[in-house]
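Protein chains in written order, with this note's numbering: chain G, 1 to 303; chain F, 1 to 652.
Please note: incorrect hints may appear among the correct ones.
Stated by the list, open to error - Now the stretches of chain F that chain G is said to cover, found in silico as 3 or more residues with beta-carbon under 8 Å: (1) 401 to 407; (2) 496 to 507; (3) 522 to 530.
FYI, nobody ran anything at the bench for these hints, they're computed from the structure.
All values reported here derive from a predicted model rather than from experimental measurement.
Quick reminder that beta carbons are idealized off the backbone N, C-alpha and C, glycines included.
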Amino acid sequence: MSGSELIALGILGVVAPALPGIAGKTKSLLTGRRGPPVLQLYADLRKLLGKGAVYSRTTTWVFRAAPVVVLVTLFVAALLLPVDGREAPARFTGDLVAFAGLLALGRFALVLAGLDTGSSFEGLGASREVTIASFAEPALLLCFIALVLVTGDLSLSGMLGSPLAAAWPRAGASLSLVGISLFVLLLAENSRVPVDDPATHLELTMIHEVIVLDHSGPDLALILYGSAFKLTLFGVLVLGVFVPRAGLSTPAALALLVAGLGVVAVAVGVVESAMARLRLVRVPQLLVGAGALALFATILQLA
Amino acid sequence: MTLVALGVALILLAGLAAVALAPRPAAGETLFRILFGAGCIAGALPALSVLSGATVPDLRLVPVTPFGPWVFGLDALSAVFLFTVLSVGAACAYYGLAYLAHERGHRAVAIAHLLLAVLVAALALTVVARAALPFLIAWEVMAVAAYLLVVLEHERREVRRAGMIYVVATHVGTLLLFALFAIWAGGTSDLSFSALAAHAPFSGARGGTILAVALIAFGLKAGAVPFHFWLPEAHAAAPAHVSALMSGVVIKMGIYGLLRTLVLFGAPPPWWGWLVLALGAVSGVLGVVWALAQHDIKRLLAFHSVENVGIILLGIGAGALGIAYGHPLIAVLGFAGAALHTLNHALFKSLLFLGAGSVIHATGTREIDRLGGLARRMPGTAATFLVGAAAIVGLPPLNGFVSEWVVYQALLRGASAGGVIQLTGLAAVVLAFIGALALACFVKVVGVLYLGTPRHALSTEPREAEPALIRPLVALAAACGAIGLVPVVVVPSALRVGSLVAGAAAGGLQVDAGAGPATAFTVGLAVSLLLGWGAYAVLGRGRERLEAGTWSCGYPTPTPRMAYTASSFAAPLLSVFRSFTGVRTHRSAEAFSTHASDPVLDGVLVPAWRGARTAATWVRQVQRGGLSVYLLLVGAAVVVSLLYLVVAGRHP
Chain G
1 MSGSELIALG
11 ILGVVAPALP
21 GIAGKTKSLL
31 TGRRGPPVLQ
41 LYADLRKLLG
51 KGAVYSRTTT
61 WVFRAAPVVV
71 LVTLFVAALL
81 LPVDGREAPA
91 RFTGDLVAFA
101 GLLALGRFAL
111 VLAGLDTGSS
121 FEGLGASREV
131 TIASFAEPAL
141 LLCFIALVLV
151 TGDLSLSGML
161 GSPLAAAWPR
171 AGASLSLVGI
181 SLFVLLLAEN
191 SRVPVDDPAT
201 HLELTMIHEV
211 IVLDHSGPDL
221 ALILYGSAFK
231 LTLFGVLVLG
241 VFVPRAGLST
251 PAALALLVAG
261 LGVVAVAVGV
271 VESAMARLRL
281 VRVPQLLVGA
291 GALALFATIL
301 QLA
Chain F
1 MTLVALGVAL
11 ILLAGLAAVA
21 LAPRPAAGET
31 LFRILFGAGC
41 IAGALPALSV
51 LSGATVPDLR
61 LVPVTPFGPW
71 VFGLDALSAV
81 FLFTVLSVGA
91 ACAYYGLAYL
101 AHERGHRAVA
111 IAHLLLAVLV
121 AALALTVVAR
131 AALPFLIAWE
141 VMAVAAYLLV
151 VLEHERREVR
161 RAGMIYVVAT
171 HVGTLLLFAL
181 FAIWAGGTSD
191 LSFSALAAHA
201 PFSGARGGTI
211 LAVALIAFGL
221 KAGAVPFHFW
231 LPEAHAAAPA
241 HVSALMSGVV
251 IKMGIYGLLR
261 TLVLFGAPPP
271 WWGWLVLALG
281 AVSGVLGVVW
291 ALAQHDIKRL
301 LAFHSVENVG
311 IILLGIGAGA
321 LGIAYGHPLI
331 AVLGFAGAAL
341 HTLNHALFKS
351 LLFLGAGSVI
361 HATGTREIDR
371 LGGLARRMPG
381 TAATFLVGAA
391 AIVGLPPLNG
401 FVSEWVVYQA
411 LLRGASAGGV
421 IQLTGLAAVV
431 LAFIGALALA
441 CFVKVVGVLY
451 LGTPRHALST
461 EPREAEPALI
471 RPLVALAAAC
481 GAIGLVPVVV
491 VPSALRVGSL
501 VAGAAAGGLQ
511 VDAGAGPATA
521 FTVGLAVSLL
531 LGWGAYAVLG
541 RGRERLEAGT
551 WSCGYPTPTP
561 RMAYTASSFA
571 APLLSVFRSF
581 TGVRTHRSAE
591 AFSTHASDPV
601 LDGVLVPAWR
611 GARTAATWVR
621 QVQRGGLSVY
631 LLLVGAAVVV
641 SLLYLVVAGR
651 HP
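Sequences are here, hints too, so could you generate the full structure?
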């Protein structure tokens, strides 16, 4: 593991809570409101970490383990990505399967924690979360397959690292389609509009927020931070495709990473102000559409 | 091989001991335990040594055996299946002793133990047989022993029905196997596998017929869609430890048969590879979707066996295509993934069935919608079941992830290979879809069964299972964890199996699946999870912790009846697949439930059977029992024959 990879991961950990803030601020400004400060989540996290927690009498150790599992799986998943644009700290053949597996493990823990409370609201959210994930995961794999075909490499480090930068001139169309598809998946996997509305006030319409209804104090802090970190990870995926940084010097690559994540967050905010949440039955169609884009990208690469 | 023979003999002896000492069950079961364990160890040791690269001499019974010499041998392919049979067999047998103990008063429990021993011995002989006749004998003993175990609780009507469906299905498979060997041997009398292999390669349609018949016969045993119809019936009807053994091991004999066919047959044509791949994809998706619709825990788990057989077939299909299109790496990886997933599925599926058995034992119901909150009452069972659930979903760092990762590698290498084989990339997407749906299904099972609150009051308060019922679960869960943690140890053995099945096509290729770095990943993940949990526990010490009721968004008096049910949980996904799953929804003002019927069994086979019976009643008119009618018929037959000869122009 080289220095620049460590610094890049550190930056990722630090800037993650700003991303939901930037998205929210964009949305507020576009709709003519002032909105909460961009750095609000940092203050929320500090407050929550200083508090005690309330646990439901129904819950078991599964409920307590979930926030830790969610955060650890996301951190390990970050190790598989070439965050600095060149080389991931850890790589092996087929680690794209491990990346998807880690996201699934985090989801498994979080959704079970929701069901552990015995509340119908959490059950509702859990059911919707796994339904959406059932369509998001094949779409994510299609994106990865397209990247495998473009770069000829079976690890994320190669698929999003230097081989990708070299492939842009000859596979630009495929890569653009994959990037768009990954952005739709970013919205879906992170419970943003048009899949889920993080700002809704009615529990019956929520997905992610309603699963963590019973988490409080430090547990909630871990989950909120985990959500922000997951958004950042998907941002890195999208950036990895659209802004290859393999040939740049370390400071330039890192500066581009931070700026790029900011742009992704603004884009999320713009999408949220431009459209409303889809009906739940339409969400699978959206995700199949994202998968179809990746499939086109794949077909373009078939020799 | 002598050790394997000794092991099989010890296992049979264990069964006989249990019956002989039936009047003193405690002594009989202790002896059973010792002999069975010794037999399994004796058989598993040579299997492990073969898997790590050693070779074992064959055992030949030459002079007096019909249809050529009876050979028994142990190569890497046999070894991985033998190890699966013996390890899972031992866990199921030990569990069965405690599970059936309370029925000693009103059931011939000792006979059940004997039958289980016979079943395990027959399974072991099936995978080491190297000639058609001993293979078929072991196959038939296995089928009959399994049937007798399925109908152990024969006083229940649905058990008798399931047993009948099973016995018909398995015998159709056996008949097809007779046909398979007859076509293969082509009139020669030596039916040893080495003689059969010498017939290959085939010219013309004979090779295609052999492969098609093998696919149907072994697919019927493996429970691949559309031959799955008997599986959920039989596996739900049997006692828990028998279900575990059947779902974990017995259906894998179909997989063994397919792989052994490939070893003997040599390179299959491309259409066969595509067909297997398609069957795998269909079985995988439909298996898990039907599982989502089930609310009977054992039927649900049985449908997951259909799904996992689908995953294994995806591996075999990729391997066959790898041979057919000349990509040895894909062939080795595909077969290796299939072999490893066979072992892994046996481990976690038996774990899940045994865990479900403990729940049924404690609560008296198989309907998951009636249960809930069992993690508090049965913490040991719940924790091991959770491990099994995470493993079957393919989550790292458990064993299901490792084998699916190898299958993915085969499919992805196919996608990037160039040529028609690139279509295997679509199978990788299907595999991801299967994995995500399986996650949804097991979240449903674990969440509704063990978490939350009980949804109905039960007649008796459920209590944790006794230690003898938990120990096999812990052993199986530990095996799932161990294989998941060290791919570097197990993947090379799986690749050895893969190279063997790929045969000459592999050409001595040394495959590195990247198991070393993958081990760093799985171990690193496990350590990170432990460290994270430790840090959480340390930092959380001394913080204020309050206990309260679950927050129900202001609703003051939540009742257990408001808890989310399995029907509701699965409803959004099932509504997507409504058109082809046979799932029906029942809605009323106060309740919502879904009901699933099997399109193949209920839609095709049962109507066809009814039609046959109606036709038979019509034919029965002939059989009136009067002598004069029969004389008339004989006379008519003679006249018709004479007329035929006249018309055909030949004189009598």
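Right, here's what the structure says about each hint:
| no. | hint | result |
| --- | --- | --- |
| 1 | 401 to 407 | holds (count 3) |
| 2 | 496 to 507 | violated (count 0) |
| 3 | 522 to 530 | holds (count 4) |
Checked against the numbered hints above, the structure breaks only hint 2 and satisfies the rest.
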